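Participant: The primary structure of each chain is shown beneath.
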Amino acid sequence: MPDISVFIGGQAGEGIKRGAMVIGKAFNRFGYHIFIMNDYGSIIRGGQDYSEVRISSVEPGSQAGFADFFFAYHKDVYERYLNRVKEEGVTFLEGAGVNQIPYERILKENNAKPFMRSSIVLGVLSYMTKLPFEIVEEVMINEFKDKAYTNIELARKGFQYVRENHFPIRPIPEGDKMPLPIMYGNDAIALGGVKVGMKVYAAYPITPTSTLLDFLAMNAKRLGISVIHAEDEIAAIMMGIGASYASAPVMVGSSGPGIDLMGEAISLSGGAEVPIVIVDVQRGGPTTGMPTYTEQSDLFLSLSIGHGEFPRIVLAPGSVEEAFEMTIRAFQYAYWYQTPVIVLSDKHLSESAKSVSIPFSEEYMLPLKYFEGGGDYKRYKLTDDGISPLAFPGMEGIVNHTNSTEHMEDGYSTAIPESVKLMKDKRIRKQETIREDFMYEENTHFYGNPDDGNLIIASGSTKGAIMESIKGLPVNFLQILTLEPFPVESVKEIMSRARNVIVVEENSTGQLADIIRSRTGVEISKRILKYDGRPFDPVVLRKDIEEVIG
Amino acid sequence: MPDISVFIGGQAGEGIKRGAMVIGKAFNRFGYHIFIMNDYGSIIRGGQDYSEVRISSVEPGSQAGFADFFFAYHKDVYERYLNRVKEEGVTFLEGAGVNQIPYERILKENNAKPFMRSSIVLGVLSYMTKLPFEIVEEVMINEFKDKAYTNIELARKGFQYVRENHFPIRPIPEGDKMPLPIMYGNDAIALGGVKVGMKVYAAYPITPTSTLLDFLAMNAKRLGISVIHAEDEIAAIMMGIGASYASAPVMVGSSGPGIDLMGEAISLSGGAEVPIVIVDVQRGGPTTGMPTYTEQSDLFLSLSIGHGEFPRIVLAPGSVEEAFEMTIRAFQYAYWYQTPVIVLSDKHLSESAKSVSIPFSEEYMLPLKYFEGGGDYKRYKLTDDGISPLAFPGMEGIVNHTNSTEHMEDGYSTAIPESVKLMKDKRIRKQETIREDFMYEENTHFYGNPDDGNLIIASGSTKGAIMESIKGLPVNFLQILTLEPFPVESVKEIMSRARNVIVVEENSTGQLADIIRSRTGVEISKRILKYDGRPFDPVVLRKDIEEVIG
Amino acid sequence: MSITTEKKIQWCPGCGNFGIYNAFKSVLEKNIDEGRLKKENIVILSGIGCYGYITNYYDINSFHATHGRIPPLATGIKLANPSLSVIAFVGDGDAYAEGMSHTIHAARRNTDIKLIVHDNGVYGLTTGQFTPTSPRGFKGRSTPFGNVENPINPITLMLVARATFVARGFCGDIKHLEYILERAIFHKGFSFVDILQPCVTFNDTYSFYRSRVYKLEDTDYRTDQYEKAILKSLEFDDRIPIGIFYEKEEESFEEAIRGTHNYFYERQVPDISEIVREMI
Amino acid sequence: MSITTEKKIQWCPGCGNFGIYNAFKSVLEKNIDEGRLKKENIVILSGIGCYGYITNYYDINSFHATHGRIPPLATGIKLANPSLSVIAFVGDGDAYAEGMSHTIHAARRNTDIKLIVHDNGVYGLTTGQFTPTSPRGFKGRSTPFGNVENPINPITLMLVARATFVARGFCGDIKHLEYILERAIFHKGFSFVDILQPCVTFNDTYSFYRSRVYKLEDTDYRTDQYEKAILKSLEFDDRIPIGIFYEKEEESFEEAIRGTHNYFYERQVPDISEIVREMI
Ligand SMILES: Cc1ncc(C[n+]2csc(CCOP(=O)(O)OP(=O)(O)O)c2C)c(N)n1
Ligand SMILES: Cc1ncc(C[n+]2csc(CCOP(=O)(O)OP(=O)(O)O)c2C)c(N)n1
Ligand code: SF4
Ligand code: SF4
Ligand SMILES: [Mg+2]
Ligand SMILES: [Mg+2]
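Top line first, the protein sequences correspond to chains A, B, C and D.
Residues in the first sequence are numbered from 1 upward in steps of one, following our numbering.
Residues in the second sequence are numbered from 1 upward in steps of one, following our numbering.
Residues in the third sequence are numbered from 1 upward in steps of one, following our numbering.
Residues in the fourth sequence are numbered from 1 upward in steps of one, following our numbering.
Derived from the structure by calculation, the hints contain no laboratory data.
Since we're looking at a predicted model, the values are computed, not measured.
Keep in mind that a hint or two might mislead.
Claimed, not checked - Cβ-Cβ distance ranges computed for the label pairs, FRET-style:
(1) Arg222/A / Tyr226/D: 21 to 31 Å
(2) Glu372/A / Glu251/C: 35 to 45 Å
(3) Ser496/A / Thr260/C: 56 to 66 Å
From the three backbone atoms N, C-alpha and C, an ideal C-beta is built for every residue, glycine too.
So here's chain A without its partners, still in its complex pose:
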């Protein structure tokens, strides 16, 4: 059952991320599941970046954290990350004492660019693992189009070099998995949106959400959608709210600093009842913090951003597949309940890639509660469930008055206490409707046997590492998918059966644990926290868990 990891480390600008994807695709076609994680700094050239490509016959949830094949392009990278090599791992370096690969020479001889280094690596791997070279060629033709030739040549040179130098081979048998699309979390969010009917995406560039913007911009024409890079985040969400008001399903995306700036507009969306989906790809905070590193530190923010009180929904996918699914649900909720829905991702989820089997060909509905005529249209009609029927400008006979100041049913401004209270009560009823409806939605995933003693609770991208780390341990795992509405009853129920509850999260204060306490009244003192910007490695996490459960 091969479970092999390839580490490629070098400087920004040396094509590491792209290279890792090409390697991943090759082994994907060789019959394996793939997980790729990218660790990079916030500079354009230099630094010490790396990617890990995990190649496994069992679907991986995260990076392994430790490499079988370790390619360092520079000495400093080699030294810094040598502790990420498995005991039996093979290391490669340019010009040092270990297995040497003369990247520079090969590049020069082939008139190639520095960012093509990893094509040499793939050639090396092809020889060493017995990955058929035709697959390498095939992938490169697909990937590099008219630049494939050079890359194939580089791969061939790498292949030849290690063969000639009798590097020890480590064959991997052909796997039996069908080739699957390998996509980043951000790709899955994008495609989820598109599949459920998204027509507009607006954003301002920010790591690690820019890749969502870039992906959608690149494919906008093929998808028939409009993608806007606005002058700032406030403009992005206001454009979104405008388009949504005029009937287009819309998503906006940003990360911490930009999400902060959207607060006023999120309150507008909630109070004026104009739906919008907001993606927050969390990164290391506070303030500018660590733009390219991961963190789960906007949980409370997502629950409270935007002044005043209005219904909201916060969803937290835990894998690339769930990113797709939860984005679809985000749209369905936002447009049904006419309120802001936040999708909480993080850098690790959004910028790691995975081979996925997602039901892309299915159809996903976006139901709206339409106005069915009968009298004048009232944008904020008082209804039992708090949801007022929708009609859009441009529809004949309709006048849609949308209003950010407190208003009456017809949408006109009011501050008369009785009218105000009616409208506030309507929005509260809507929040209650949401809470009730969510009893029948999938709010959590539970893995294990509820009557076993140890329970881990987590939310978001930590899922992958947790699932890996508890394999074979007497530990159950409760994943929380919806932070708002919070599944109070089911969480309480499962917690009540556990002897030992541990919350695992990637922030410094234990926000999820605090949320659980605030919703259920149960204090969870066992917390495994990580907040150095790096995601949990399953092996390390397993040790932490073992320690905590004693």
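With the hints as your guide, set chains B, C and D with the ligands onto chain A.
Facilitator: Frame of chain A; chains B, C and D with the ligands shown alone:
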């Protein structure tokens, strides 16, 4: 023991608020405590505004809600607010069936402006209550300076008119209180800042915080401070952070929509450790909502605004006096702990006025943890308490590197996991230091006997009405002054002794009750909520409380 | 057809907003009646300020939104449904303080929206603070000893920002204002109209403007010369030109972004199989 | 005296930021050595972008703050302590997109800060999206089929915003850039310098600019004529003028607001008894 309320209602632009203040000042000098509440709409002319001046020999905590003297300038106002007259109250109106006062004629005869109407009212009151007319003259000379003559004439005409028409008199004896300054909550915040050393106030106009800006701007020269009306709220807080970085104690202020916009900068203040005091004068939300009406709906916002994790402090004064005191404490905390401190006020607290005895002549320190030399200056020196010594640009031998990206002790950027963790741990230690220090700070006020059965918990401006409403009831009152750090232990302790806990607040979801639950684990189901933009009236609240305690 | 509502208009008596309200009403009613505009395809927007209540006074699709953020809101609406005429009312505080950046970016994009600025040189609704168009020395509540900032010139600014329709109106001259508004509404692309609007309560400029304004249309001024327009726009002293400074046709932002799509009608989901295949 | 740190400079080899970095270093070191500037009284600021790391590379008081918000930050610093020279580095994304409004407002206030724009026509750090100065048609990551917005002209914009020192530099001409930076730093009031800065990775404009720039100082251009400056600034095609476009002395915002106070030294609390008495 007189406790008399005067209601003046009319249109925006008819000088109601100013008039109420003049009336208040007159009775203040007649030996009474004063409370003035102003109810006005978000338009400049027209509408139905009113003010209530409460004149009491016992210090009042809020408006009475019901008037002894009811002056309505127009029929619609008369009708709308007639339910605010006490049974034994006297009502006045221009040209209707009740006691008529010919305002228009008097104004015209004296060549006076419509906004001088309330000077006539004061004349009427002087006759009816036997308030010496010299006091009226004295106050008007002080208040209107070179325009005093006309106003005194108007008062005299009012006086004569009701005398000639034999209106029934209702004498009030001279009170024995010394005259005190009457100030709005916003004035008290302003003066608290000034007294503790504030040198810069920056803001963007927004109701109900503009009056804080206007007051400080009007007095900037006399106070030797700089007051900036910036291009937007983001600029205001960034100017504030800049001035603070360069050593000036700074406050910024806004309300919901503008506070939202400050989120990114609040995170900057927390992460870069540049102190700032932020005043949020809450108003009816969400979004534009009810700009001129009161609400306590930014509690969760103030606890979570700004992405990522950083130490913060949130204070909630409950009276004009506490507004002064808590602003001073806000500065002391912000500059000692080098982190953002939010002062939560609301429209009712900030724009109501009260005769106050505040120890203005005392001195209030603003201690800083200064760098004391010895080696190179490190802005983010790792210390046991998490507080790094301060030194400012301009000091010889100092280089201050302040940084929004994650950084090392010397302030230079880093994203190395080990360094990052050190700095994050430092900030966590700082938050812990704050929590520990706050055990010795005044976090709550308790009124009553802890072993009695019924307990009301509240925070902020509801205090006044609560204190009034529970007089003589078997009910204790716990006021929470510091929402963060939350006084978990003392609140738990007091709750544990109560049979019946009721949370009283002015919002629609019970945010304070939820915060208590989240911090103490205790669910409080008895909630008295009001969310129509109007503050609690003590008489009405008393009934609510009686109902809840059964 | 009347497009007004019965809501009581709450501006101060004599407020310049009445002129704008009336001019806009006439232009709309005339063009609806004469079939050049469809009522259901008009959307009016406003931010927060005295002027902002204008959306309460017309029985037309509207969005009364947040302070300063109207241009991007309008852009989004036009993007979603190209059939809509999107007309945005904004204040000078709104457009040039809180929303300065959005105003400029909407202009340079040539978004097909109409931006109508109620420029009273003051924040009316927050009771009288200076705005970016208040003159130096203006004594408002936040500057009781006089404003110390140089005012901006909205016309020059919008020309520099590449707005394709730039005009100044005066609400004391309703006929002329109607002419401008009509041209602005039917201009294809970004229309900008700065309207000199006295605020009788906090900044009564009626006589100031009355004695100074003159109409470009009464001179031999041509609206198709960019550099001359910039120079002309600098004139703002004893004589203040009103009228259209500049007009030009250009592809709009939404057209460029959206192509031929109309999301108001389109609900179908694209085929993503090719994109997914490329990921294998 | 050297003002640099040992931190490794992490810009791409050949990046235009090196030119700016070196020019600024020379100007500062010279003026510190010659006693015209005191090191402890210099504060440099930067927002977020590739250029933003510049504060890591000088051993000088600095504040590396958030994206787009540098002008008000700088204003606050200068307000608090008039002895400080406040020099702000910003990117074109920073100054003209996220921070557009602040840039204009700082200019019209004549805040006594120096704004130095690393104008590479691209968002470097977020890997190559267009900015407000990218030409139409620019193919960046967010506009793979070409940007559809009209670029702004920073020089004209700043003139219209009433900046009192407006210049354009080119980091390919370091001597000339030093001359501009020195003048900018010693100008009393708001100094604006837009520096044409090739980004070798995402927008390599070296040869484009090299073949077009010419120095105003080599012509008979005068820097004290406002209207002429505006017209001159419109020139941006085959020939691109670099140098100082406009200079003027005027009271600065902080002087006007702060008066003679210096909060760096002042800690005393004012007497408020008169104000309190008025409330009785
Ligand atoms: C984000 C935000 N900041 C501040 C305000 C408060 N506010 C409401 S109206 C207004 C000024 C309006 O001035 P202007 O746009 O000139 O309109 P006018 O009242 O003069 O018509 C302000 C600052 C707000 N509503 N939202
Ligand atoms: C509020 C906010 N939005 C977005 C970002 C992400 N961001 C970082 S750098 C950058 C662009 C920088 O471009 P520019 O200012 O031109 O600097 P350059 O990288 O080209 O030097 C952006 C958008 C951020 N840090 N903060
Ligand atoms: S305050 Fe000024 S702008 Fe506002 S309604 Fe009155 S006159 Fe008009
Ligand atoms: S990406 Fe461009 S601006 Fe950034 S360091 Fe590289 S060359 Fe310089
Ligand atoms: Mg205005
Ligand atoms: Mg740039």
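Participant: Against each hint, give a clear statement of whether it holds in the structure.
Facilitator: Quick rundown of the hints versus the structure:
In this structure, Arg222/A and Tyr226/D break the distance hint of 21 to 31 Å, their C-beta atoms being roughly 50 Å apart. The given range of 35 to 45 Å is respected by Glu372/A and Glu251/C, whose C-beta atoms sit roughly 39 Å from each other. The hinted range of 56 to 66 Å is satisfied by Ser496/A and Thr260/C, whose Cβ atoms lie roughly 58 Å apart.
Checked against the numbered hints listed earlier, the structure breaks hint 1 alone; every other hint is satisfied.
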